[in-house]
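Chains as they are written, first to last, in numbering that gives the first Met the number 0: chain F, 0 to 381; chain C, 0 to 381.
Hints are not guaranteed to be accurate.
Pair ranges (Cβ atoms, derived) [stated by the list, open to error]:
no., chain 1, residue 1, chain 2, residue 2, range
1, C, L217, F, A31, 33 to 41 Å
2, C, L217, F, P102, 30 to 38 Å
3, F, K41, C, N47, 40 to 48 Å
4, C, E345, F, K144, 54 to 62 Å
5, C, G45, F, D143, 32 to 40 Å
6, F, Q201, C, E377, 34 to 42 Å
7, C, D262, F, S38, 14 to 22 Å
8, C, I319, F, D284, 43 to 51 Å
9, C, K12, F, P328, 16 to 24 Å
10, C, F39, F, A31, 43 to 51 Å
11, C, K164, F, M111, 40 to 48 Å
12, F, Q201, C, K1, 29 to 37 Å
What the hints contain is simulated information worked out from the structure, not anything from laboratory work. From the three backbone atoms N, C-alpha and C, an ideal C-beta is built for every residue, glycine too.
Protein chains: 2
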Amino acid sequence: MKIPFNKPYISPKEEEYIIRALKSQRHSGNNAFGQKAISFMKDKYGFNEIFLTPSCTSAMEMGALLAGIKPGDEVILPSYTFSSTVNSVVIFGAKPVFCEIEPNTLNIDVSMIESLITPRTKMIIPIDYAGISCEIEEIMKIADKNNIIVMQDCAQSFGGYFNGKPNGSIPHLAAFSFHETKNMNAGGEGGGLVVNVPEWHQKAYFMQEKGTDRRLVLDGVKSKYSWVEKGSSYLLSDLLAAGLLAQLEGEEEIISKRRLVTDAYCQLFNSFKKRGNLNIYISEDHIKTNHHAFWVVFDEADNRRRFIERLRAFDIFVYIGYMPLHSSPMGVKFGYKPDSLPITEEISKKVVRLPFYAGMADDGLIYTIERMSLVLNEIYGK
Amino acid sequence: MKIPFNKPYISPKEEEYIIRALKSQRHSGNNAFGQKAISFMKDKYGFNEIFLTPSCTSAMEMGALLAGIKPGDEVILPSYTFSSTVNSVVIFGAKPVFCEIEPNTLNIDVSMIESLITPRTKMIIPIDYAGISCEIEEIMKIADKNNIIVMQDCAQSFGGYFNGKPNGSIPHLAAFSFHETKNMNAGGEGGGLVVNVPEWHQKAYFMQEKGTDRRLVLDGVKSKYSWVEKGSSYLLSDLLAAGLLAQLEGEEEIISKRRLVTDAYCQLFNSFKKRGNLNIYISEDHIKTNHHAFWVVFDEADNRRRFIERLRAFDIFVYIGYMPLHSSPMGVKFGYKPDSLPITEEISKKVVRLPFYAGMADDGLIYTIERMSLVLNEIYGK
Numbered sequence: 000m001k002i003p004f005n006k007p008y009i010s011p012k013e014e015e016y017i018i019r020a021l022k023s024q025r026h027s028g029n030n031a032f033g034q035k036a037i038s039f040m041k042d043k044y045g046f047n048e049i050f051l052t053p054s055c056t057s058a059m060e061m062g063a064l065l066a067g068i069k070p071g072d073e074v075i076l077p078s079y080t081f082s083s084t085v086n087s088v089v090i091f092g093a094k095p096v097f098c099e100i101e102p103n104t105l106n107i108d109v110s111m112i113e114s115l116i117t118p119r120t121k122m123i124i125p126i127d128y129a130g131i132s133c134e135i136e137e138i139m140k141i142a143d144k145n146n147i148i149v150m151q152d153c154a155q156s157f158g159g160y161f162n163g164k165p166n167g168s169i170p171h172l173a174a175f176s177f178h179e180t181k182n183m184n185a186g187g188e189g190g191g192l193v194v195n196v197p198e199w200h201q202k203a204y205f206m207q208e209k210g211t212d213r214r215l216v217l218d219g220v221k222s223k224y225s226w227v228e229k230g231s232s233y234l235l236s237d238l239l240a241a242g243l244l245a246q247l248e249g250e251e252e253i254i255s256k257r258r259l260v261t262d263a264y265c266q267l268f269n270s271f272k273k274r275g276n277l278n279i280y281i282s283e284d285h286i287k288t289n290h291h292a293f294w295v296v297f298d299e300a301d302n303r304r305r306f307i308e309r310l311r312a313f314d315i316f317v318y319i320g321y322m323p324l325h326s327s328p329m330g331v332k333f334g335y336k337p338d339s340l341p342i343t344e345e346i347s348k349k350v351v352r353l354p355f356y357a358g359m360a361d362d363g364l365i366y367t368i369e370r371m372s373l374v375l376n377e378i379y380g381k
Numbered sequence: 000m001k002i003p004f005n006k007p008y009i010s011p012k013e014e015e016y017i018i019r020a021l022k023s024q025r026h027s028g029n030n031a032f033g034q035k036a037i038s039f040m041k042d043k044y045g046f047n048e049i050f051l052t053p054s055c056t057s058a059m060e061m062g063a064l065l066a067g068i069k070p071g072d073e074v075i076l077p078s079y080t081f082s083s084t085v086n087s088v089v090i091f092g093a094k095p096v097f098c099e100i101e102p103n104t105l106n107i108d109v110s111m112i113e114s115l116i117t118p119r120t121k122m123i124i125p126i127d128y129a130g131i132s133c134e135i136e137e138i139m140k141i142a143d144k145n146n147i148i149v150m151q152d153c154a155q156s157f158g159g160y161f162n163g164k165p166n167g168s169i170p171h172l173a174a175f176s177f178h179e180t181k182n183m184n185a186g187g188e189g190g191g192l193v194v195n196v197p198e199w200h201q202k203a204y205f206m207q208e209k210g211t212d213r214r215l216v217l218d219g220v221k222s223k224y225s226w227v228e229k230g231s232s233y234l235l236s237d238l239l240a241a242g243l244l245a246q247l248e249g250e251e252e253i254i255s256k257r258r259l260v261t262d263a264y265c266q267l268f269n270s271f272k273k274r275g276n277l278n279i280y281i282s283e284d285h286i287k288t289n290h291h292a293f294w295v296v297f298d299e300a301d302n303r304r305r306f307i308e309r310l311r312a313f314d315i316f317v318y319i320g321y322m323p324l325h326s327s328p329m330g331v332k333f334g335y336k337p338d339s340l341p342i343t344e345e346i347s348k349k350v351v352r353l354p355f356y357a358g359m360a361d362d363g364l365i366y367t368i369e370r371m372s373l374v375l376n377e378i379y380g381k
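Construct all of the structure, not just a fragment, from the sequences and the given hints.
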């Protein structure tokens, strides 16, 4: 039996919706299914406004453009994240300022943020690793005090909550991923940008539509549209929005399947926690996970290696996670060295991400747990 | 009967391919259908390399990033084009330098380009208006002499030829649109970037994949990928690539239907050309059209207005075309005035684009021609 790291979930109504979108012959961006998906999300999650985009990366670029990121600006973000978090501002000339992570969530260490703020700091981009929200309310307090924009990278955390509020509803800007690898996917690729500042909405409409005021023409305010802003084509095909809508409607089903995976991993790893001196996430009352992922920080890099290799022999695909950005070739160009962020560097050498997808609950979870138990017993003794 | 300005064509195999892509559960970018579509295009059109992207806009942004466009660079382009042509370099800080168009094609006036070149000129972006190639070989000569990169905006011209060579195969970079409004569409939204400079390929792979060297991992050269470049997520969902492949396979059918539309418009407008002093494109031997669009420049703006209004009364949707970029709010910010480019300004007030889609050949073309003939007789007398 082969257990891939990820396998996208296909919703029952997905095929039907996608074909309806195709046959409508109006399947470019912001058409019928896109509008439905947007309404659904605004009603259910209370986003002030959300734009569907081709990817989370492009959502973050749109956010960076909206925030006016320009050469010379500094942006604070964790080094332990995907390259898109940083590239979304680096392509516009910003300088990344990397922050350490804290060990319970592997999210940005909020206690270090203020020491990194300079007069050039324009933005903070915290991420919600593995679907667990960062300490967004504390980050917003720091940002407001220092007049800094917060764009939350919620690539992994759609459908989770912080203090009872849906992820993405608290910061100025938030970006979601609906990629094949995420809880809910939009036909393989897709993203969304939440804009919670009402004064930015009109500019965002213009930026999404190639920098034109086409929106005013659609609203009947103007008769012809022209070039009024910087912008791009931050639009999601209606075929992909149709796929997303089917998944949004099936969220409860998806989450309940994924919860079983979390529960099984928790049970297994808790029983090895002391013996192996393993670090796994200890849940906190104010954060509700969306059951996106499960990670384990091993006691030693060598035990991680053994764990990965032994499971690979069972055809179970475990993943090492991110290479820290600060010590990557690009990070080094920005003046960082591996030991600039020792906690991140250390954790990244010991962490694994486990296979995690909705379908595992139906097929493969027991096989996976049994094999992992066997391997952990080999490593740490019975 | 209602004749919209555009109606996307759905290919016979499109639904089947899209559902196959969905059910593969590997439908993110650069998967099976994307690879097939890329091979198909490289074999048929001789592109050195082509990358499928979420839109033509994002293809051009990828091209701009690949060419190293940065603040202070100047880019020469026609003012008579869509906002994406200019935004793709303006978002990276470049200054647009607008060039006039010549009246037979409404493409960039090549004879004016050299007078606009300065030591800061980094790129020329000619467009192929209405699917008719610009004078790309002459532009390449000027560019090579001055060490300038050419990115051809082939948004409208996929499938056409210049001197027997497929559009997109001649310049350093070329961008295609597979949007709903184009001859061949990729599930509503899509684009492609041709990279004809082999030395740029590796960098392009990295930039398409969020600035990581994931490509080297897929090729077995490295075991883990990291952040090595600027980049974005310039990837087209495999669902959309599946739609595109179906359309590519049906190109002959699509073109033959569209040719009937060109022929009918040519016949009609040629018979009014002298009477109305109308300007329509006179075909040239070295250029083969892809039958994307048909435009007419009227003798007077007022006759254009009458033509549009009278046809609207018959439910036929004729479109005014582009608002020139140089005289738009953003163009003015860059220091231009309407009379900075008098030819462009004049033509833009008199030009119309006619309804044009493959399905017209089956239904609506005769109705459209009859009503247009009626209206032209009203305007210019029998």
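Those earlier numbered hints the structure runs against, lowest number first: Structure breaks hints 5, 7, 8, 9, 10 and 11.
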